[in-house]
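These protein sequence lines map, in sequence, to chains U and W. 8 is the number of the first residue of the first sequence in this note's numbering; add one for each residue after it. -18 is the number of the first residue of the second sequence in this note's numbering; add one for each residue after it.
Just so you know, these hints were derived from the structure itself, not from any lab. Mixed in with the good hints there might be a few duds.
Partial selection, computed: residues in chain U whose CB lies under 7 Å from chain W [unchecked claim]:
# : residue
1 : Leu65
2 : Ala68
3 : Asn120
Some chain U residues close to chain W (C-beta under 10 Å, calculated; not the full set) [to be verified]:
# : residue
4 : Arg73
5 : Gly121
6 : Leu131
The beta-carbon is built from N, C-alpha and C at its ideal position, and this holds for glycine as well.
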Amino acid sequence: MNSTLENKALEMKERQTQGSPPLAVGAAVAGWIVPGLGHLLLRKWDKAIVYFLTVGALAVAGLLMRGNVFTPAGGDAFDMLGFFADIGSGIFYFLSHTINAAGPDVSRAAGDNGTRLFATAGVLNMLCMLEAFQIGMGHKNQGHRPE
Amino acid sequence: MILNHFQAMVLFALAVSLAFAFLSKNTTSERVRYAVWAFFAFLVVAIGIGWLMYPFSR
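Extracted from the complex, chain U is given alone in its bound form (with noise of 0.2 Å):
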């Protein structure tokens, strides 16, 4: 009695571990449309919090510093790698003219800096995606210590 008991629970856990690729790319999906949503989709409710705060406190004080937010279209190399890193803001990008309508000031050194603001809020919500994704594959440990 007491081995099947254990059997069904060393299956479930098994079965929480392994994970989905669908939910992995969904949760990473989510979380880079709208920082921390991937999380929450994957119930990390305090890790979904945090990263939606820290990441929004970056990009929202970038922009009202009168940050660049850089496009697509721009001319070279570092214009692109700054659009890749913006882009991974998420809803913050896509907001950035509704956040800040006066539009980007770098000709003063706050602006510099709120460009560099918007650019990390970007990259540190990669990195939380790839974490949502490890999370949904079953790959990343989760507060499990080996006993």
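Position chain W relative to chain U; hints supplied.
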């Protein structure tokens, strides 16, 4: 909203250290220790590099 250089650096250090703590650690106590350590490490390194660059500023 205009943050000066130091305020922007503190915001960066706070957000990144918090996110890194949740990305890399599993328990609450580990996360708190790592976040505090990383936050002060960011500040100390940035201020240290600032002082090292000071002689070349003029």
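Comparing the hints with the structure gives:
no.: 1; hint: Leu65; result: 5 Å, holds
no.: 2; hint: Ala68; result: 6 Å, holds
no.: 3; hint: Asn120; result: 4 Å, holds
no.: 4; hint: Arg73; result: 9 Å, holds
no.: 5; hint: Gly121; result: 8 Å, holds
no.: 6; hint: Leu131; result: 5 Å, holds
Hint check: no violations occur; every hint is consistent with the structure.
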